[in-house]
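Peer 1: The listed protein sequences derive, respectively, from chains A and B. All residue numbers for the first sequence refer to our numbering, where the first residue is 1126 and numbers rise by one. All residue numbers for the second sequence refer to our numbering, where the first residue is 1126 and numbers rise by one.
Since the hints were made in silico from the structure, they are not lab data. These numbers come from a predicted model, not from an experiment. Please note that a few of the clues may not be correct.
Because identical chains share one entry, a pair is satisfied inside a single copy or across any pair of copies.
[Said to hold, decoys possible] Simulated pairs of lysine-lysine, DSS-like, Cα-Cα distance not exceeding 27 Å:
| # | residue 1 | residue 2 |
| --- | --- | --- |
| 1 | K1322 | K1199 |
| 2 | K1322 | K1210 |
| 3 | K1407 | K1349 |
| 4 | K1349 | K1391 |
| 5 | K1407 | K1391 |
| 6 | K1322 | K1195 |
There are 2 protein chains.
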Amino acid sequence: MTRPVTIALDAMGGDHGPSVVIPGAALTLERRPDARFVIFGDETQVMPLLDAHPRLKAVTTFHHTDVSVKMDDKPSQALRYGRYKSSMWRAIDATKTGEADVTISAGNTGALMAMSKFCLKSMPQVDRPAIACLWPTVRGESVVLDVGATIGADARHLVDLAVMGAAMARVVFDIDRPTVGLLNVGVEEIKGVEAVKEAGRILRESNLPHLAYHGFVEGDDLGKGTVDVVVTEGFTGNIALKTAEGTARQIASYLRAAMSHSLMAKIGYLFARSAFAALRDKMDPRKVNGGVFLGLEGIVIKSHGGTDAIGFASAAELGYEMARENLMSKVREMVAATARSEAAAQQAATAE
Amino acid sequence: MTRPVTIALDAMGGDHGPSVVIPGAALTLERRPDARFVIFGDETQVMPLLDAHPRLKAVTTFHHTDVSVKMDDKPSQALRYGRYKSSMWRAIDATKTGEADVTISAGNTGALMAMSKFCLKSMPQVDRPAIACLWPTVRGESVVLDVGATIGADARHLVDLAVMGAAMARVVFDIDRPTVGLLNVGVEEIKGVEAVKEAGRILRESNLPHLAYHGFVEGDDLGKGTVDVVVTEGFTGNIALKTAEGTARQIASYLRAAMSHSLMAKIGYLFARSAFAALRDKMDPRKVNGGVFLGLEGIVIKSHGGTDAIGFASAAELGYEMARENLMSKVREMVAATARSEAAAQQAATAE
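With the sequences and hints as input, model every part of the structure.
Peer 2: Structure representation (structure tokens):
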């Protein structure tokens, strides 16, 4: 029998705080009945909600906190007044002490990353952590990173991203050697920043056992699912992610307008409504909610701040899976193997 | 009476060469009956097609060329063997000499940009040219640039992009003071590259007469049409553009699958088919074909290489409009006004 997974929750994070987090946790428990919870937040707000969800309450350890990080706080502000005592910090700390296996927060991304780095620390050999997301594709899903942890990347950092993303893909897709592509532009010769070319060279030459380097991919390869893992630095990754979300919403609004434009269209809509429901479900952004912080000594998942209970439950379930499948140790193992393989290559080069 | 617009065409550009370019030009002529054409290409391929389109032939000056730039040539290769004599070069040169008002090519982007820079030269005060596109939004269209001319940008170049993009927006949308946003990421504090912040400061403080600086925008603002002009450097812009195209194709494939999944859905589709046709039309990438090269002493439009006659005609019509509305002189005037206003600000600062 496997050990239950314990999920630490920052109940005060997100635009709607406990009113989304607690029902979201209840939904997670329905789907993952062996989950356990450690919840941090203001007791006057959280306890009535827990009382309304007795099954959740039965598997939850609750800790009252006086301080909540606000959605528009700067990371430095949040650290100053929220360190050691905010619901966000304590939820992260629970993963550090081992009280929990994974931390979920819908709080502000900058503060969550700053606190996670400060509390959990980066893995040895990883300079900077990253945020990875699951990107829906016509073939299924891909891991895309970095979608906004740090701006700019040298070749070294891009290689780290490739290795960490491949580790996550192994866990999520259960494949031993995920394909990895570097996001680049397709215009010949003027193309590409030096860091991307150099990272490509390193990945090609190092020929890692758990990563199949595919080469460069372009923006339209994201939706095609050309590779299991798409690597880019945080500025471009964040803009690509939000551009895709925006395009999806834009087309959904075109579709709504088209289907209500004429009587015939409305009749057609009625006939096809289960097909539209399936489509809406497929395009539902709540189903792919959750940014996974990689490169830290602990798993932290960022939920969208504006999501509802269903969306929060998706993030919590993603965290559950990552903890259940030992994402941490897989990442650590692959980072170490990469360092060894590079050291060996360097030694061989020196010996020549 | 206005002077007719003369369009120079590289008949050999694109995946399908004259078989797309000539019917595309014929279509353009149907929609813009006062257009005139100067066409460059291999006579054995082009003449039979022109013979099949006698009305086009009647308003066309044709020049035979022996050399064609290939789609996978590097810009340096293309320049070496194609300068002065390829269909691409001669089509650009026609705009330089004044034989034409605008050049259209579906040939390879890198070669077209390299030849355009070499032949037409950059405008004074503009360091690097850019490629702008029209981005469909829920509110209409926005100008987005740079979508791939150069990689990376300092604050100075981003300000140039803002000014050139605003000039194009004035022409295309017929508004006097277009709103301009700088593409950035929304994560607090760790956010944004220094160049983007600095460009924002310059745009805010210079308070230009023909440009209303809006502030930062994010990836999802592209589809929303939050601003008339979205500015970013070429790497991110190219990836955002291709990501949006990829997402649109992805959702179209979901929609097709949903509508053929059950009998009810198929019946619904039949009822709503004119609505679907309208939607398909709205999402048709051929309708927004055409990258406008800005910052050069002449207008060059890049058509998608893989498009058909309808798509090529869109690019040609875009070129027609840009020439008709004197895009060049508007860009030149705004670039000069910006330089003057900055010089005045500098003088004022020095005098203090």
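Peer 1: Go through the copies and call it for K1407 and K1349: within, between, both or neither, with a Cα cutoff of 27 Å.
Peer 2: both (15 Å within a copy, 22 Å between copies)
Peer 1: Is it within, between, both or neither when you check K1322 against K1210 at 27 Å Cα-Cα?
Peer 2: neither (44 Å within a copy, 33 Å between copies)
Peer 1: Within, between, both or neither: how does the pair K1322, K1199 come out at a Cα-Cα threshold of 27 Å?
Peer 2: between (34 Å within a copy, 17 Å between copies)
Peer 1: When no copy is named, should K1349 and K1391 be tagged within, between, both, or neither for a Cα gap of at most 27 Å?
Peer 2: Cα proximity of K1349 and K1391: across copies only (25 Å, versus 31 Å in one copy).
Peer 1: At 27 Å max between alpha carbons, let me know whether K1322 reaches K1195 within a copy, between copies, both or neither.
Peer 2: This pair counts as between: shortest inter-copy Cα distance 24 Å, intra-copy 40 Å.
Peer 1: Give the relationship of K1407 and K1391 under a CA distance limit of 27 Å: within one copy only, between copies only, both, or neither.
Peer 2: Classified as both: same-chain Cα gap 21 Å, cross-chain 19 Å, threshold 27 Å.
Checked against the numbered hints given earlier, the structure breaks only hint 2 and satisfies all the rest.
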